[in-house]
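**Q** Single-letter residue listing:
Protein chains: 2
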Amino acid sequence: MNITCDNDRFYMQQAIELAKLGRFTTTPNPNVGCIIVKDNQIIGKGYHKKAGQPHAEVYALQMAGDEAKDSTAYVTLEPCSHFGRTPPCADALIKAQLKRVVIAMQDPNPTVAGNGIKRLSDAGIEVTVGVLTEQAEELNKGFLKRMRTGMPYVQLKLATSLDGKIAMASGESKWITSSVARQDVQKFRAQSCCILSTRATVQSDNASLTVRDAELPDDIKQIYSSEKIRQPVRIIIDSQNKLTGNENIFKQLGETWIVRKQDMPVTKPNTKLIIESSANKNINLTKLFSLLANNNQINSIWVEAGAHLAGALIEQDLVDELIIYYAPKLLGHNAKDMCILPNLQNLSMAPKFRVKSATMVGEDLRVILKK
Amino acid sequence: MNITCDNDRFYMQQAIELAKLGRFTTTPNPNVGCIIVKDNQIIGKGYHKKAGQPHAEVYALQMAGDEAKDSTAYVTLEPCSHFGRTPPCADALIKAQLKRVVIAMQDPNPTVAGNGIKRLSDAGIEVTVGVLTEQAEELNKGFLKRMRTGMPYVQLKLATSLDGKIAMASGESKWITSSVARQDVQKFRAQSCCILSTRATVQSDNASLTVRDAELPDDIKQIYSSEKIRQPVRIIIDSQNKLTGNENIFKQLGETWIVRKQDMPVTKPNTKLIIESSANKNINLTKLFSLLANNNQINSIWVEAGAHLAGALIEQDLVDELIIYYAPKLLGHNAKDMCILPNLQNLSMAPKFRVKSATMVGEDLRVILKK
Chain C
1 MNITCDNDRF YMQQAIELAK LGRFTTTPNP NVGCIIVKDN QIIGKGYHKK
51 AGQPHAEVYA LQMAGDEAKD STAYVTLEPC SHFGRTPPCA DALIKAQLKR
101 VVIAMQDPNP TVAGNGIKRL SDAGIEVTVG VLTEQAEELN KGFLKRMRTG
151 MPYVQLKLAT SLDGKIAMAS GESKWITSSV ARQDVQKFRA QSCCILSTRA
201 TVQSDNASLT VRDAELPDDI KQIYSSEKIR QPVRIIIDSQ NKLTGNENIF
251 KQLGETWIVR KQDMPVTKPN TKLIIESSAN KNINLTKLFS LLANNNQINS
301 IWVEAGAHLA GALIEQDLVD ELIIYYAPKL LGHNAKDMCI LPNLQNLSMA
351 PKFRVKSATM VGEDLRVILK K
Chain U
1 MNITCDNDRF YMQQAIELAK LGRFTTTPNP NVGCIIVKDN QIIGKGYHKK
51 AGQPHAEVYA LQMAGDEAKD STAYVTLEPC SHFGRTPPCA DALIKAQLKR
101 VVIAMQDPNP TVAGNGIKRL SDAGIEVTVG VLTEQAEELN KGFLKRMRTG
151 MPYVQLKLAT SLDGKIAMAS GESKWITSSV ARQDVQKFRA QSCCILSTRA
201 TVQSDNASLT VRDAELPDDI KQIYSSEKIR QPVRIIIDSQ NKLTGNENIF
251 KQLGETWIVR KQDMPVTKPN TKLIIESSAN KNINLTKLFS LLANNNQINS
301 IWVEAGAHLA GALIEQDLVD ELIIYYAPKL LGHNAKDMCI LPNLQNLSMA
351 PKFRVKSATM VGEDLRVILK K
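Protein sequence lines correspond, in order, to chains C and U. Note that my numbering gives residue 147 to position 147 of the first sequence, counting from 1, and the numbers run on in steps of one. Note that my numbering gives residue 337 to position 337 of the second sequence, counting from 1, and the numbers run on in steps of one.
In short, the hints are calculated from the structure, not lab data. A portion of the hints provided could be inaccurate.
Just so you know, same-sequence chains aren't split out, so a pair can sit in one copy or run between any two.
Dumping the calculated DSBU-like pairs for lysine-lysine here, alpha-carbon to alpha-carbon at most 30 Å [what the hints assert, rightly or not]: (1) Lys356 - Lys287; (2) Lys261 - Lys336; (3) Lys251 - Lys45; (4) Lys370 - Lys352; (5) Lys242 - Lys336; (6) Lys251 - Lys287; (7) Lys50 - Lys20; (8) Lys352 - Lys336; (9) Lys174 - Lys118; (10) Lys45 - Lys99; (11) Lys95 - Lys287; (12) Lys145 - Lys45; (13) Lys261 - Lys251; (14) Lys370 - Lys99; (15) Lys356 - Lys371; (16) Lys145 - Lys261; (17) Lys187 - Lys287; (18) Lys45 - Lys336; (19) Lys371 - Lys228.
Using the sequences and the hints given, assemble the complete structure.
**A** This is the structure we're talking about:
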């Protein structure tokens, strides 16, 4: 019994590693990996590369061919049971006459939600669900949150000194963290559906907010050539209609979406306007995020902005994950704070997180915290 | 050759672990451990427990007895060559007819400084110096700095939110970090020669700045009963002569030293006055520290105070080590900053450190940085 269990984890771990290869490209689809095993030999493997292209199971079954009969498949997410752009994977596994399917976790997508498991089971295939579930959850935290709640998974990135400062009083901020930390940020950007920022950041830092493929991991570069690298959508909050279209950001590859209160379009190629027209003079962030998840299939938002947006997101409890890069220096009390929280009155109300990891990135310390 | 070398490190590691048992009590002496080995058997071990009591080598030789002849000793610091409160350890090792002595590092104490090594060598004993030197340095960073520079080793402790805040605007600060982190602080306090604070902290927090022996590690409690636990001297900066003697701190076990610009004594038992009478109206911290090292044999200073003293120490480049406890919360821009640096004008001038470790302490993150 224990041996089976260890075997299951062993193969599922490999399926998860495979799934990760798609993490820069599958959005809005989840990352999925599949391993097919017979007599303790891997006879098939595959992962989902890009929306519209075949699912992980299809690649793995293709590789296994007729050998798939009586084999065991390890899939990081419940196989789909519906006709989307591709036929249902559950049916493909049934057709290939598998003996057993091990699934890391059920798919909360309402079009699947246990139907894939039921379909396999009804066809007489032995199904095991719940192997390395935590890792499988982590793999698709954006997709899963959107499916479960209708809201995207929000990661707020901050680059600060030890004393929580993001710029000198003069505004000088280039650079607080090291170039290694800034490269690390590239990998997070590349995995996200979109990068959220503000008009102020775009204009004052002349930010491009793109993914520079040269800074991606080598295993990814081997699979995706630079022109296949996906540029996350840049979403810029511009509630006062101040963006002119001449900013650096509009000269970059990929799309830029501008969020305004009213219809004042910026006529640039690859630019789209999102109107968030609630009564408040500021953009209603909860409404915006809901709209992005439900209308635009945005699973995850990577936020790079100033202390005001950071504070607003925190106060409105919209942040799932904080990623803080601490440079090992002190900037003192005159420097600019990393987080504006105007409504925080006493200590017991302070927004709290849980430290998930603390890792050296070059000379800086990267701390990841979750809600 | 490699085997010998690994053996040397193996035994020296044990000598270092032994030395650590004295870390709460030996001040102003260094921590030293000694292991005596013959035919790959440990036949003697000892460590220095307290100033005035025998050195590590004496205990180890006592245990080894006549077997010490032709054995190898591992000592974490060069054996002394002078008559202090105890006779020279080098002579004891020679008299016991050891074959070889392995020493982690030379003692920079001018009364030793290579003389112990020379004495052993002159007597025909094979001497190896430089095994696990880095660990041996870490063991006595206070003592070594004082011997080398005439200044104490300064550790500045800060307990802060993720955004570098140490209190709400209202002054509310109990508690930002968790009780586990506060217990961790106890261990650092207990290892230091003294605890430095200010009149403001002593009065506003009603701080006692003592070591509560219940919170010390079990191995230490087994060796030192609670009454044998050393209370580090509390040194309080009171440049405006505002301490009355009625504060909580004067009711505690151990000594309190008050630092003033002029002779206005506080008549309390176990209280001493230190006059730092330089022309400046503030206490000259460099002068004070030099005086503490040279007149009072203070090896190390553990600083627990507010943002002003923290900033002054940083600006005057007097901090060797920062110990920051980050509570996983955000207090926002209105809260109080951890470090007042009035003279910092631009980013390139920002005081820089190197991260040595980042460790979870309960729910908080402890980051240790060195200059």
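**Q** If a hint holds in the structure, say so; if it does not, say that too.
**A** Tested hints:
no.: 1; hint: Lys356 - Lys287; result: within (28 Å within a copy, 43 Å between copies)
no.: 2; hint: Lys261 - Lys336; result: within (28 Å within a copy, 35 Å between copies)
no.: 3; hint: Lys251 - Lys45; result: neither (40 Å within a copy, 72 Å between copies)
no.: 4; hint: Lys370 - Lys352; result: both (9 Å within a copy, 28 Å between copies)
no.: 5; hint: Lys242 - Lys336; result: within (24 Å within a copy, 34 Å between copies)
no.: 6; hint: Lys251 - Lys287; result: within (28 Å within a copy, 58 Å between copies)
no.: 7; hint: Lys50 - Lys20; result: within (12 Å within a copy, 57 Å between copies)
no.: 8; hint: Lys352 - Lys336; result: both (22 Å within a copy, 18 Å between copies)
no.: 9; hint: Lys174 - Lys118; result: neither (55 Å within a copy, 54 Å between copies)
no.: 10; hint: Lys45 - Lys99; result: within (17 Å within a copy, 64 Å between copies)
no.: 11; hint: Lys95 - Lys287; result: neither (44 Å within a copy, 84 Å between copies)
no.: 12; hint: Lys145 - Lys45; result: within (27 Å within a copy, 59 Å between copies)
no.: 13; hint: Lys261 - Lys251; result: within (24 Å within a copy, 64 Å between copies)
no.: 14; hint: Lys370 - Lys99; result: neither (39 Å within a copy, 59 Å between copies)
no.: 15; hint: Lys356 - Lys371; result: both (10 Å within a copy, 27 Å between copies)
no.: 16; hint: Lys145 - Lys261; result: within (27 Å within a copy, 62 Å between copies)
no.: 17; hint: Lys187 - Lys287; result: within (28 Å within a copy, 49 Å between copies)
no.: 18; hint: Lys45 - Lys336; result: neither (50 Å within a copy, 55 Å between copies)
no.: 19; hint: Lys371 - Lys228; result: neither (34 Å within a copy, 45 Å between copies)
The structure fails hints 3, 9, 11, 14, 18 and 19 (numbered hints given earlier, in ascending order).
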